[in-house]
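Enquirer: Okay, here's what each chain looks like letter by letter:
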Amino acid sequence: MAKVFNDSVMSLPGTDSALTFRRGALDWEATYGIWRRDLKKFFREKSRLWGGIARPILWLIILGSSLKPAISSSSLGSTGIDYTHYIFPGVIALTLIFTSIQSAISIIWDREFGFLKEVMVAPVPRLSILLGKALGGATQATIQGIITLAFAPLIGLWLNPLVLLGLLGTMFVIAFALTALGIVISSAMTSFEGFGVISNFVVMPMYFLSGAIYPTESAPFWIKPLIYINPLTYGVDALRQVTIGVGVHDFWFDMGVLAVFAVVVLAIALPLFNRE
Amino acid sequence: MLEQNNAPNPALPTPVQPVSSPIIEVAHLVKRYGPLTAVDNISFEVHEGEIFGFLGPNGAGKSTTIKTLCTLVKPSEGQVKVAGFDIMGQSDAVRQQIGIIFQDPTLDSGLTAVENLEFHCMMYHVPRPERSDRIKYVLDLMDLDAHKDRLVKTYSGGMRRRLEIARGLLHRPRILFLDEPTVGLDPQTRNYIWQYVRRLREIHKTTIFMTTHYMDEAEHCDRIAIIDHGVIVALDTPAALKRMVGEDQLELTTSDNTLAARIIEDYYKLSATERDDRLTLQVAEADRFVPALLGELPRLASNLVVNTLQIRKPTLEDVFLKLTGRLIREEDEGKKDERRLNLRKRRRL
Chain A
1 MAKVFNDSVM SLPGTDSALT FRRGALDWEA TYGIWRRDLK KFFREKSRLW
51 GGIARPILWL IILGSSLKPA ISSSSLGSTG IDYTHYIFPG VIALTLIFTS
101 IQSAISIIWD REFGFLKEVM VAPVPRLSIL LGKALGGATQ ATIQGIITLA
151 FAPLIGLWLN PLVLLGLLGT MFVIAFALTA LGIVISSAMT SFEGFGVISN
201 FVVMPMYFLS GAIYPTESAP FWIKPLIYIN PLTYGVDALR QVTIGVGVHD
251 FWFDMGVLAV FAVVVLAIAL PLFNRE
Chain B
277 MLEQNNAPNP ALPTPVQPVS SPIIEVAHLV KRYGPLTAVD NISFEVHEGE
327 IFGFLGPNGA GKSTTIKTLC TLVKPSEGQV KVAGFDIMGQ SDAVRQQIGI
377 IFQDPTLDSG LTAVENLEFH CMMYHVPRPE RSDRIKYVLD LMDLDAHKDR
427 LVKTYSGGMR RRLEIARGLL HRPRILFLDE PTVGLDPQTR NYIWQYVRRL
477 REIHKTTIFM TTHYMDEAEH CDRIAIIDHG VIVALDTPAA LKRMVGEDQL
527 ELTTSDNTLA ARIIEDYYKL SATERDDRLT LQVAEADRFV PALLGELPRL
577 ASNLVVNTLQ IRKPTLEDVF LKLTGRLIRE EDEGKKDERR LNLRKRRRL
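Order-wise, the sequence lines are chains A and B.
The letter at position 205 of the first sequence is residue 205 when you use the working numbering, and the numbering goes up by one with no holes.
Heads up, the working numbering is the position in the second sequence plus 276, with the first residue counted as 1.
Each hint should be verified, as a subset may be incorrect.
[Claimed, not checked] Pairs of lysine-lysine, PhoX-like flavour, derived with a Cα cap of 20 Å:
#1 A:LYS117 <-> B:LYS429
#2 A:LYS40 <-> B:LYS424
#3 A:LYS117 <-> A:LYS41
#4 A:LYS117 <-> B:LYS350
#5 B:LYS412 <-> B:LYS424
#6 B:LYS429 <-> A:LYS40
#7 B:LYS589 <-> B:LYS518
#8 A:LYS41 <-> B:LYS429
#9 B:LYS598 <-> B:LYS518
#10 B:LYS424 <-> A:LYS41
#11 B:LYS429 <-> A:LYS46
[Unchecked claim] Distance windows between CB atoms, simulated:
#12 A:PRO271 <-> B:ASP421: 40 to 48 Å
#13 A:PRO271 <-> B:SER297: 33 to 41 Å
#14 A:GLU112 <-> B:ASP425: 23 to 31 Å
#15 B:GLY354 <-> A:TRP50: 47 to 55 Å
#16 B:LEU427 <-> A:PHE221: 49 to 57 Å
#17 B:ASP425 <-> A:TYR32: 20 to 28 Å
#18 B:HIS505 <-> A:TRP222: 55 to 63 Å
#19 B:GLY365 <-> A:PRO215: 52 to 60 Å
[Said to hold, decoys possible] Output of the computed footprint for chain A on chain B, the stretches with three or more beta carbons under 8 Å from beta carbons of chain A:
#20 342-350
#21 376-388
#22 396-409
Since the hints were made in silico from the structure, they are not lab data.
These numbers were taken from a predicted model, which means no experiment stands behind them.
All C-beta atoms in this analysis are idealised placements derived from N, C-alpha and C, irrespective of residue type, glycine included.
With these hints in hand, go ahead and build the complete structure from the sequences.
Expert: Have a look at this one:
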């Protein structure tokens with residue numbers, strides 16, 4: 001206990017951060033800090049990486065190969081399309097939505113274990129915190145998406161480097177929008193009790209209504225509105241255009257819808273997140 | 277002003293002379309949660325360099341007050357200035373000036389100690405070139421340097437608390453808020469935490485604002501506000517508060533109680549009552565009275581021998597009992613926790 005403390009470290013004159021730091025509307029260093037922490041934890045949790053490998057095997061190899069003989073390519077809206085190729089963008093979308101929502105759920109986790117308080121008492125704009133979370137979730141989901149891409153050659157889908165680059169950007173935009181959605185949900189939730197509800201009533205319906213594993217053009221009229229308000233519909237459409245060149249909307253229209261969705265959703269999340 | 281007639285008790289921290297400018301100013305603070313009034317019109321000031329304590333039972337409004345001062349909870353009414361900034365309009369400026377150690381852990385147990393500290397540096401914009409020095413310094417100060425690269429989930433409760441204090445110091449706060457800093461820790465660890473807190477005050481002149489429901493801990497404070505049902509019922513130095521409930525009680529047995537009683541009455545002008553072979557008397561400060569008495573007795577009556585002597589000093593528990601009519605720990609533990617949980621759920625933080 002008998003230590004001599006040199007207080008020069010803690011009392012250097014004139015360098016007090018409170019006096020020299022000029023705060024803007026956004027605090028990018030805080031955003032970076034939150035992003036970096038989320039990624040550190042992502043790479044430490046090996047189980048999540050394994051989930052990223054198991055999902056494509058299950059959906060692409062097992063489901064895709066089994067359904068392939070039963071589904072004619074003409075029912076997919078275009079002739080000469082292999083069913084496994086058709087659902088490949090859908091499997092990427094599945095990976096993105098799962099990882100994005102899961103990473104946004106960490107807000108509830110952080111609240112439960114107290115860490116969120118450390119963030120909330122810091123002199124940091126709330127929007128910068130949410131941006132850090134959204135960018136962190138988007139990055140994690142994109143990494144998982146890249147793992148899924150590694151399965152493309154197994155179903156005989158060869159993607160050239162330019163397509164891969166395009167996919168990277170597309171995946172990131174989709175993942176950002178989905179993480180933003182996850183942030184709204186976890187800002188509104190107060191405990192883990194609602195977790196199962198989310199995965200059953202948000203993630204799965206969004207997935208089935210997105211056109212990821214079957215075309216939704218021939219869906220009954222009363223389901224159509226749900227398809228149109230589903231952001232993942234546009235995500236899957238964009239991914240499908242980049243990977244196999246088939247799609248319903250214009251690619252940039254899809255991207256625009258996702259961007260607007262992300263902004264709107266973050267605007268809703270902000271007051272929810274900021275509650276006492 | 278309160279201690280001027282007494283020599284400071286060496287067992288207690290040296291009282292800090294109040295400086296002219298208060299670092300915390302609270303005026304008519306009210307906080308309601310729906311129909312519940314958690315804090316009911318309180319006003320007080322804390323001076324720079326002071327160790328100021330909020331003492332009261334669970335649910336008395338301690339945590340709500342500390343959260344309001346830390347800008348986490350918006351007051352329903354009243355004015356609060358911390359380090360010269362208004363907690364409502366200038367909350368970011370306040371946050372940069374304060375360090376907070378919450379009652380519940382707020383560390384990321386999936387990160388190492390150093391990673392937790394680095395995160396904090398980024399949130400508070402500690403100048404980049406100083407970061408590694410400051411991290412090393414606070415780890416040294418809290419004796420955690422040997423464990424700095426371990427994941428926090430492997431830490432003991434006391435180590436976690438020390439790490440939280442270390443983290444709270446990184447941005448060089450002028451005020452450190454400690455909400456029940458030693459709750460759930462064993463007595464030895466509690467003592468250590470107190471040593472660290474005192475060291476902080478000595479080295480950095482940091483103002484400490486703390487809440488506690490441990491009476492013995494409140495003794496470490498320069499001044500204490502006793503809070504009950506959201507109201508400050510008393511605010512003073514621990515010594516002055518204890519004087520409120522009465523004087524020290526002295527019990528002694530001597531070879532001749534009647535003679536002793538007469539001497540005490542004649543010479544010291546104190547009334548001593550004799551009962552069951554023992555003399556009981558009230559004195560202002562037994563610590564000073566007893567040596568004087570024992571020194572002078574042989575001169576006054578050479579054949580008088582003091583056989584036993586016992587001092588009972590009033591405790592803060594007595595103060596609380598007198599002010600509220602209850603003991604601080606009287607409430608049923610289970611009920612208390614339940615209420616606390618409900619309150620916390622409502623606050624969501």
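Enquirer: Indicate, hint by hint, whether the structure satisfies it.
Expert: Comparing the hints with the structure gives:
no.	hint	verdict
1	A:LYS117 <-> B:LYS429	18 Å, holds
2	A:LYS40 <-> B:LYS424	17 Å, holds
3	A:LYS117 <-> A:LYS41	18 Å, holds
4	A:LYS117 <-> B:LYS350	15 Å, holds
5	B:LYS412 <-> B:LYS424	9 Å, holds
6	B:LYS429 <-> A:LYS40	15 Å, holds
7	B:LYS589 <-> B:LYS518	8 Å, holds
8	A:LYS41 <-> B:LYS429	13 Å, holds
9	B:LYS598 <-> B:LYS518	10 Å, holds
10	B:LYS424 <-> A:LYS41	18 Å, holds
11	B:LYS429 <-> A:LYS46	17 Å, holds
12	A:PRO271 <-> B:ASP421: 40 to 48 Å	42 Å, holds
13	A:PRO271 <-> B:SER297: 33 to 41 Å	37 Å, holds
14	A:GLU112 <-> B:ASP425: 23 to 31 Å	26 Å, holds
15	B:GLY354 <-> A:TRP50: 47 to 55 Å	54 Å, holds
16	B:LEU427 <-> A:PHE221: 49 to 57 Å	55 Å, holds
17	B:ASP425 <-> A:TYR32: 20 to 28 Å	22 Å, holds
18	B:HIS505 <-> A:TRP222: 55 to 63 Å	57 Å, holds
19	B:GLY365 <-> A:PRO215: 52 to 60 Å	56 Å, holds
20	342-350	holds (count 5)
21	376-388	holds (count 10)
22	396-409	holds (count 9)
Of the hints listed earlier, there is not a single one the structure fails to meet.
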